[in-house]
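Those sequence lines, one after another, are chains G and Z.
Taking the working numbering, I'd label the letters of the first sequence as residues 2 to 262.
Taking the working numbering, I'd label the letters of the second sequence as residues 2 to 262.
No wet-lab data here; the hints were simulated from the structure.
Among the clues, some could well be false.
One copy or two, it doesn't matter: identical chains are merged, so the pair holds either way.
Quick list of in silico lysine to aspartate or glutamate cross-link-like pairs, DMTMM-like style, CA-CA up to 25 Å [to be verified]:
1) Lys126 - Glu155
2) Lys230 - Glu120
3) Lys130 - Glu255
4) Lys230 - Glu255
5) Lys230 - Glu211
6) Lys230 - Glu172
7) Lys130 - Glu253
8) Lys230 - Asp136
9) Lys126 - Glu239
10) Lys130 - Asp248
11) Lys130 - Glu240
Given the structure is predicted, the values throughout are model-derived calculations rather than measurements.
2 protein chains.
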Amino acid sequence: MERDASPIGVFDSGVGGLTVFREIARALPHHSLIYLGDSARVPYGTKSAETVTRYTLQAASHLLDRGIGMLVVACNTATAAALPALRERLPIPVIGVVEPGARAAVARTRGRVGVIATEGTVRSKAYTKAIRLLDPTIEVIESAAPLFVSLAEEGWANTHVAREVAEIYLEPLLDAGIDTLVLGCTHYPILRGTIEQVVGEGVSIVDSAETTAACVLAAVGTRSTGAAKHTFLVTDAEERFRRIAGDFLSREIEHLELVSL
Amino acid sequence: MERDASPIGVFDSGVGGLTVFREIARALPHHSLIYLGDSARVPYGTKSAETVTRYTLQAASHLLDRGIGMLVVACNTATAAALPALRERLPIPVIGVVEPGARAAVARTRGRVGVIATEGTVRSKAYTKAIRLLDPTIEVIESAAPLFVSLAEEGWANTHVAREVAEIYLEPLLDAGIDTLVLGCTHYPILRGTIEQVVGEGVSIVDSAETTAACVLAAVGTRSTGAAKHTFLVTDAEERFRRIAGDFLSREIEHLELVSL
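Kindly generate the complete structure, drawing on both the sequences and the hints.
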């Protein structure tokens, strides 16, 4: 299959999707990956669905021109808004982050799932719809946790402030008796340690980065064996990206290019 | 002077400039104002100077087409990056937020000024340059306080979390012995109460929204006497803007239009 040797494109509005990128790179260490972060127009979480769809289609078109064989939409907001449009228009497989997270939640829950995400994702009710489609008896409580994004990006994930914010965001979900919590924004795995401390052992955490990587692994037929190349494309502010991405991935960022969509 | 009857355009990357808008509306209650928030591309604080300049010129061009007689750039990042380009190209007066803040700081300080702002504004050293131009003996210490933006936008300005974040951001400035603190991002006046509690009475606070409104008042020759119309233009997510702007201005937002730049 020629497709399997092509690089996998990983798209996000900014840096959050690097948590998904990291898990895919772990699962497929010999596969070349191209990450595109639309840093000129980040964040998507507060934008309208129409605007997010338009931006996402532009990004997908750029990645197609670079020869990707599969597209991973590593942004919950873009997945929630644009996945149907992408699947309709793109000649390659498209994997979003919502469905893998929903599947993992359904597999683990005893009946009550909490979802924390951006304002845009919560408004779309994408997780509730995806989970209910799999099992209509499950109760889903979605809640926006917008400050988590800046806490992750500014390097405050493991601070007392993050802990206090997490307590405030998660208290209503814990009071509602959730047994499973979906991290429905790709930034949130950066705060996973803090979130785990707050929810305790009784709540199972679904990290959409991990579950999406598992889906990508399943969708890629044959494995590559050669050397993998990781390319990073951003639409603005390379140096900020280099710093945050270095933090997220715990390594130096090579092959970083500024592109225009 | 025909120009004085024309509406004043107030431009910002999003909602932060509403603190400037509010002060101008207080100072000139009979003057029509048009606010443009580039909510589709917010925030500017993490973008490169070239990108910010391009976006700001597009916004200015749109406001010119609407017949404004003066442009207020109510965004520190856009002022720091784009003011010279705007002044060169626009046939009307252009007032930024940096110079009024720098003037007020120089008037008040006993020699050591702290400036808190976005990453982009701090990187530009716009405040240090503007203050040193007026008085080269003044010591200026600039520091980024990026979390203040999301705390203000998400309605967390007067919380214990905001207080703790303010203590962490301001401690190095207080240790350095500043006697004056410039709120160098238009979001920050929303957190003024919290910031005042942290710095105490010994530090004088310069609110660039107030000082910019004073400059606008001085630049507008004759006063209008008729009814003022306040128009709000955004490039995306009207409902989010309506909610946050209602909070910032403590009133209902009428005349809200979605525009494309």
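Can you list which hints this structure breaks, lowest number first?
Numbers 2, 3, 6, 7, 8, 10 - these are the hints that the structure violates, sorted from lowest upward.
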